[in-house]
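K.L.:
Here are the chains, one letter per residue:
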Amino acid sequence: MRIGLRVEDGACQGVMMAGQTKVAEVSTRDAASLSDAAEQTLNALSTTMGANVGEIIVDVGRVLSSRPLSNVAVIRISPRPPADVFHTSKLPRIVEGIATRIMHVRGGHDIRAHELAKLDLATFERNVASLVQGHRNVAITALGANSTDEHEARIADAILAHDSDVRISISHDFFANAFRDRDFTTTLNSALMETGEYLAVCLEQLGHRYFPGAKVSFVKNDGGRASISHLAVRPVHALHPEPASQLVGLALLSGQADGEIIVGSEHSVRAGTTRDGLPTSTSLLRNVYEASLATNAAAIEKYTAYHPVQPLTPTTVVDLRLDRDGPLPFGLEPSFSTQDDAALIGCATAPWTAWIDRLENVASKEDLQRVQRIAEEDAKSIVVQSGGSPVLTRVMEANSYALPYGNPGIVRVRVQAADNSEPGITALPADCQQRVKA
Amino acid sequence: MPSPSKAIRLDVAGVVAHGALSTVTMLYAASTNAVIDGVVIVSDLETIKRVPPNTVVVLSTHVGSGGWQVSAALRHAWERRASAVIIAQSTYAESVISLAERLDINLMAAEQDPSIIALALAAEIGAVKSLAEVDLAQFARAVTKETTVTTILKTISIRLGGFRLTLEHDGIVLAAAGPAADGGPTVQLELPSAANWGQLKLSASGPKTTELNALDVRTYLEVAVPSIQSVWMAGEINDSAASAPTLALTDVSDCLQVDAQLADKARPNLLAKLGWHSEHSYQAVWIAHPAHQQHSMGRTAILRLLWRKVAARRPLAEVRGGWLSLIPVDESEDPGQLPSRIGEKVSSSLAELGFSVGTSMRQSGVNNLPALAQQARVAADYGIRIAPGTVTSFGDLGMGAVTAYMDDAAISLVAGLTLPALMAAPDREQIIRDTLAFLEHQNSMTLAAKALNIHRNTLQQRINRIRDVGIILDEPEQILPLHLILTVLKRTLQGSTTEQKDPHNGTIHLT
Amino acid sequence: MRTLNSEDVRHFSKGANFLACHIDPAAVFAYEEMIVQALPTGDVRLINIDELDPNDLVVALGFVTQGLAIADMPPVGDEFVRCIQAIEQRLGRKVSALYSLAAGNINGILPLMTGLQTGLPIVDSDPMGRVLPLISQTTLTLGGVRISPIAVTGVTGEHSTLDVEDPQRAETLVRSLVIELGGWAATAMYPCTGQQLAEHGIHGTMTRMIKIGEILGAEEPVESKYVQLMRLLNATRVARARVKHMESFSRDKALGLPTQTTSLTLVAEQTGQIIRLEIGNEILLVLVDGAVAAAVPDIITLLSADLGQVVNLDDVRVGQLIDIFLTPAAPIWYTEAGLNLAGPPAFGLQLQHPRCHA
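Residue numbers (the UniProt record's numbering), protein chains in the order written: chain V, 1 to 438; chain A, 1 to 511; chain Y, 1 to 358.
Isolated chain V, as found in the complex (with noise of 0.2 angstroms):
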């Protein structure tokens, strides 16, 4: 069996699944802090039959969002610091606050990961205490990041050498193509990383007191959920999973695994597609005109008289409203409605994902086809290391792509791997499903 908790501060809210079937739910309010609140949950749904849960699965977006992000010194590694200020990259205004110390270091690679000029290691080596004085929290942006990671690595390297216990986050951990949209997310991941570390602790402890055997994970914004320890290193990927998760729920509830899913709610009408129950994903989250997030997550869009037809792939339209009396906007008819918290079930069922996105230089197609199988390989071994089943783990998505104009050896492999053994193993007795209120 599987637990879903949806943790706030000071609320909490958790469902327990036995396969696909929602046995309890739980919600707790008005506690005194995110902890008491989790533990309440747990307790709640601990009496209830805990010596079956094996996955606890935590969805931390709304925490994530909602907490004071911390300061963050930001290093920009390239081979010339900008002229004026009008070329400094722009961080988009939710982190612009918290660089509160910007720095650059003569470095980076081109896409080929050739070196454009030799890392200023030495002057850095001078520096580094003050430069990361009063700062717990490191990211560090350099240009090429995409092919090569080493310049940001010896960075970090130099920065641990003189205080072991700073975070540190780099731009080779996020695809993006542009150096903004990849300095925003490592700056953004780097100020949230003390908030991630401290879920992933708090939650473990309490998984474990109340459910020895579970194995506690986080539900990521693609739908899919990771081992509770990555929150700490890269709690970017957390901050915006519930799309996802309510597409991964309403799939399950509906029993269409593969289809567009069109949800109406009081405020929108959005639409998502699933492919095997998992959300089809974009590697960018979009701010109109500011810098984008490189975290991989559900591709969900707002539902227009124009939306596209897609004549062979089934659709569910499921009505959220509370209110149901008028009819559904864009003349849609609803095919399903649950008044269950979809995002939940969702979150208890993730499955175990992991994605492959690099640059490969190849030089003929035999080249091709082997970056493309060592990327679904690698893809693969990362799920089944963090528990899915070697047996079941597939290739959800393999894409490779160029740019326009671009240089013609140079591909970009992206891969999705997902664990696919059905969700929660023990099925429970019809008797023993009931509804818990704490």
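Watch out, some of these pointers could steer you wrong.
If we take Cβ atoms under 10 angstroms as the criterion, some of the chain Y residues that face chain A in the derived model are [as the list claims (entries may be wrong)]: (1) Glu220; (2) Glu223; (3) Arg240; (4) Glu247; (5) Leu264; (6) Thr271; (7) Gly272; (8) Gln273; (9) Leu277; (10) Leu285; (11) Ala293.
If you are wondering where the hints come from, they were derived from the structure by calculation, not from laboratory data.
All values derive from a computational prediction rather than experimental measurement.
From the three backbone atoms N, C-alpha and C, an ideal C-beta is built for every residue, glycine too.
Assemble the complex: chain V is given as a structure, and chains A and Y must be docked to it using the hints.
P.N.:
Just chains A and Y, lined up with the frame of chain V:
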């Protein structure tokens, strides 16, 4: 002399079922079973433009691996009435299948090298046909009996044992007969220049297997030339005389007023005298040439020869801006049949000339003949702008025609043709103003009423009036053309009320 | 002369995107933002070609990229200023005004920033009248105006000045230099007199981008915008069509490597025509039922049917309803010499341009 017997002609269904094409994958099967007279392997698109009808076009691996070239090849093959197109097996064929379906032409994919398929098919065709001995005198008698250029070429082709015969003018095939040339001997003969239609070339290309030598072939051609010349001259004289009524009609048509006062009462009589019958239904065909092309008499002669492939008995009149023909059509016939017939027969030749064809809607009686001519002209002009060499039907186009135009006059003309009730309405200025207000305020009754400074209910009544005159407000596709038309009408009406133009200045010409 | 305000700059970038919807506009919008931020520090002055003295020295500015988006490696900011200095040094005289290498995308808008930095005015003219991929594909080449000296500066600050006669050869040399400079370089080229630019350039193209942006940005129904665009650009709407199929594979490349979308198949809403867009970096061809309706150098723009906004090729999705607009390029591109330099054969397509019946 034995000639290829029609009874043992190959057809697509047969060779697919148990012949050389039994290993191919049928991507799209045309609704009618096409016969096969020849097969050709092509590695460039130009070759397809020259294949004879009933040829199986096999695209070499280079061309056939998906992509736009397959689309273009299908188009050319369809224009040449090819029996089928065979491409290399490709996982990307989905989009071309839709096109094959739209053009209704057989499309197949070969898993093995397409050239192997082509060779197997060629062998099968070769077994069906046979070469024969020829008697020159008998041949000369045979050609003099023929009355059209095409049938003369056919006779030559048959007598030469499967030669490809073409009559060309500047690379444009005016008439052709026989199967595709496959690299055998080619003999060309320049025709003595007549009138002012430029240099004509008669050529014959033989199959590789031919036993005839170049000298023999040339002899046959020389024997046939006088017949070709006399048949053509006779045709040209007849055509010029026959097109007189159509010419008279364009005089009428040029007087067409913007406000759709289509014809005065005297005209039906005039039209009837000219040979038009009020009990017939007509469809007009307009062939337009690009504005920058110089006009020349020679082109009319060429065009008339091409035109005979479409409607041998309906003359083509040379008029300002192009050529016009009015074709009586059967009420039971699908109006789309005419444009598709033209497309099949001549559009590849017209495309080479840069010409475009427009067809009008079908109407019975003679009252509307000038309007039909204008419809065809608008459609042809649309084709010139959007896709030269294509056949455009005004019926399909409707108001959409205006999206290709920039000049007010042309847009007003389309308005006259598509919104006659509006043009005739005494309150049209108000209707136009109301409609524009409604459109400009994104179909909001409240905002539009406010902008017009009238009550919402008043506007509601006026909207009903708008619908009465045939304006459709709820088809998204029509909104852009409608908007364009009304914007122009509003301006022209404002102009005409302030300047009080001479009514003759309101005449609209598309040129 | 016209001094641009921030609204003008915002419209300018919209127009620059409209005329090159095949290229990711991220860098255009980044430049728009940068210029708007910098406007309080100086003026962006746009001048008509006839405001120049016939002997004034003018120079074209543009990025040349090879395998890297500008956004991936943002410029430091002094690259173009250095290029202008190099040209002045080489020719021993001052540059009087700048002009854009292309009328669209990043090379359309970036001279505004350099104009602001240097105080030099921008001429309302360019040598392409659209965006073309090669530096040799200009009306100045057609007019016999020398492309060099060419000043090249990379993000590292390394720079070079090239003297080369043949524009095709210049293309080869600059490209290979650009690869080693990091993937893109700032360049200044086609230094010429005001009179040469007047005779061989395409004029009013900067203002045209602003006008396009004004139309696209207005709070008006889509159809009103279209009417105005068609009048302004002499454009036609080829069709309103729904995307049915997308292909992303390469055909003619020896390696058989993947590339970006290579073709789009759409079905016209009203007529059922099958429309195919052939793409190879540019939108090279539009086939309507297999017949060529448009080909380079025609400018093809995709607009969303619901909002009338530019749809960039990267954002096209199956099922989307799109209006396909055709804007004719400058007339000189349809002459025999123009088509040889920038028509279908220049892009490896052996076909006759639909608007050429030579």
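K.L.:
Let me make sure I understand: some of the numbered hints might not hold for this structure. Which ones are they, in numerical order?
P.N.:
none
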